[in-house]
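Chemist: Given only the sequences and the hints, what does the whole structure look like? Please build it.
2 protein chains.
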Amino acid sequence: MDDMHYMKMALQEALQAKEEEEVPVGAVVVQDGKIISRGHNMTERLQDPTAHAEMIALTAAFNALGSKYLPDATLYVTVEPCPMCAGALYWSKIGRVVYGTDDLKNGYRKVAGSNWPFHPQTKLDAGCCAAEAAQLMKDFFKARR
Amino acid sequence: MDDMHYMKMALQEALQAKEEEEVPVGAVVVQDGKIISRGHNMTERLQDPTAHAEMIALTAAFNALGSKYLPDATLYVTVEPCPMCAGALYWSKIGRVVYGTDDLKNGYRKVAGSNWPFHPQTKLDAGCCAAEAAQLMKDFFKARR
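Quick note, the sequences are listed as chains A and B, same order.
Residue 72 in our numbering is what sits at position 40 of the first sequence, and the numbering runs on without skipping anything.
Residue 70 in our numbering is what sits at position 38 of the second sequence, and the numbering runs on without skipping anything.
It should be emphasised that the hints constitute simulated quantities derived from the structure, not laboratory data.
Keep in mind that a hint or two might mislead.
Where chains are identical, the list cannot tell them apart; a pair therefore holds if satisfied intra-copy or between any two copies.
Said to hold, decoys possible - List time: in silico DSSO-like cross-link candidates among lysine-lysine, alpha-carbon distance up to 27 Å: (1) K50 with K142; (2) K155 with K142; (3) K137 with K66; (4) K174 with K100; (5) K155 with K174; (6) K66 with K174; (7) K50 with K170; (8) K142 with K125; (9) K50 with K125; (10) K100 with K170; (11) K170 with K125; (12) K142 with K66; (13) K137 with K100; (14) K125 with K137; (15) K174 with K125; (16) K137 with K155; (17) K170 with K66; (18) K50 with K100; (19) K174 with K40; (20) K40 with K125.
Modeler: Here it is as structure tokens:
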């Protein structure tokens, strides 16, 4: 299934983050069956708490397409986007968001509640490869304690 | 009054955006009485809808201080932050946010409702130089119609 295929690419990005001792979250943006950008969390390396996988992948996607909007693209991200990233996805008018594991502590629902933070046209699917994504996060935070 | 002084600097940034035919929003980050970073909206120039004044000023502030967190800093921004920027301010743990004019269409309250999107320690003040900030926005959108 395509979603699993692309989410595995996002999980590879998360593994890359893990190797760099970053919170292991990864993202890819796909359009017309091609990966147009990738990103993983870089908040430690850049000393910038806004350098989330989604922000990096989105900015790279705008650059790749030369467009401010991504209505025909899908972002795959291993963990539920935070309110900041949900807001960035709103501005991108992205066609679809697929995320892996829920993040009850930092996910967008913490602030949005039952409000829809994405663009009205954006479709959302959750739970793809959720177990792998959650395990990466669990192992990371366990090792840090 | 200090707040007005720094908000005038943010308004200068907004004027710079206007000259570049960008939505006229400006921001500065201040710590210990010094402006440590500035930013204005660059979404058109960069073709990146996440290139808001606050995001640019925050990232420059992290770089300037070599720190992921800004608990002793204040961000002045001419317009109410959007949900994305409120989320970025959350991650920054910034000490205080001062904004000028309300933005009922795109401000953070659109998604957050009565939830607090900033860090629990962040203080918030609204309305500083609101008339000037609002006039800039009004003139900009009027000219584009």
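Chemist: Look at each hint and say if it fits the structure.
Modeler: Results for each hint:
1. K50 with K142: For K50 and K142, the Cα distance is within 27 Å only inside one copy (25 Å; across copies 35 Å).
2. K155 with K142: So K155 and K142 pass the 27 Å test inside a copy (19 Å) and across (19 Å) alike.
3. K137 with K66: neither (32 Å within a copy, 34 Å between copies)
4. K174 with K100: between (39 Å within a copy, 22 Å between copies)
5. K155 with K174: So K155 and K174 fail the 27 Å test inside a copy (33 Å) and across (32 Å) alike.
6. K66 with K174: neither (35 Å within a copy, 40 Å between copies)
7. K50 with K170: Within one copy only: 12 Å inside a chain, 46 Å across chains, cut-off 27 Å.
8. K142 with K125: both (22 Å within a copy, 17 Å between copies)
9. K50 with K125: between (29 Å within a copy, 24 Å between copies)
10. K100 with K170: between (35 Å within a copy, 23 Å between copies)
11. K170 with K125: between (31 Å within a copy, 24 Å between copies)
12. K142 with K66: neither (32 Å within a copy, 34 Å between copies)
13. K137 with K100: The answer is between: 20 Å across copies meets 27 Å, while 30 Å in one copy does not.
14. K125 with K137: both (25 Å within a copy, 16 Å between copies)
15. K174 with K125: For K174 and K125, only the inter-copy Cα distance (24 Å) is at most 27 Å; the intra-copy one is 36 Å.
16. K137 with K155: Classified as both; 23 Å inside a copy, 22 Å across copies.
17. K170 with K66: Answer is neither: 30 Å inside a copy and 41 Å across each miss the 27 Å cutoff.
18. K50 with K100: between (30 Å within a copy, 19 Å between copies)
19. K174 with K40: Intra 23 Å, inter 47 Å, cutoff 27 Å: intra-copy only.
20. K40 with K125: Close inside one copy (24 Å), not across copies (33 Å); limit 27 Å.
Hint compliance for this structure: hints 3, 5, 6, 12 and 17 are not met, and every other hint is.
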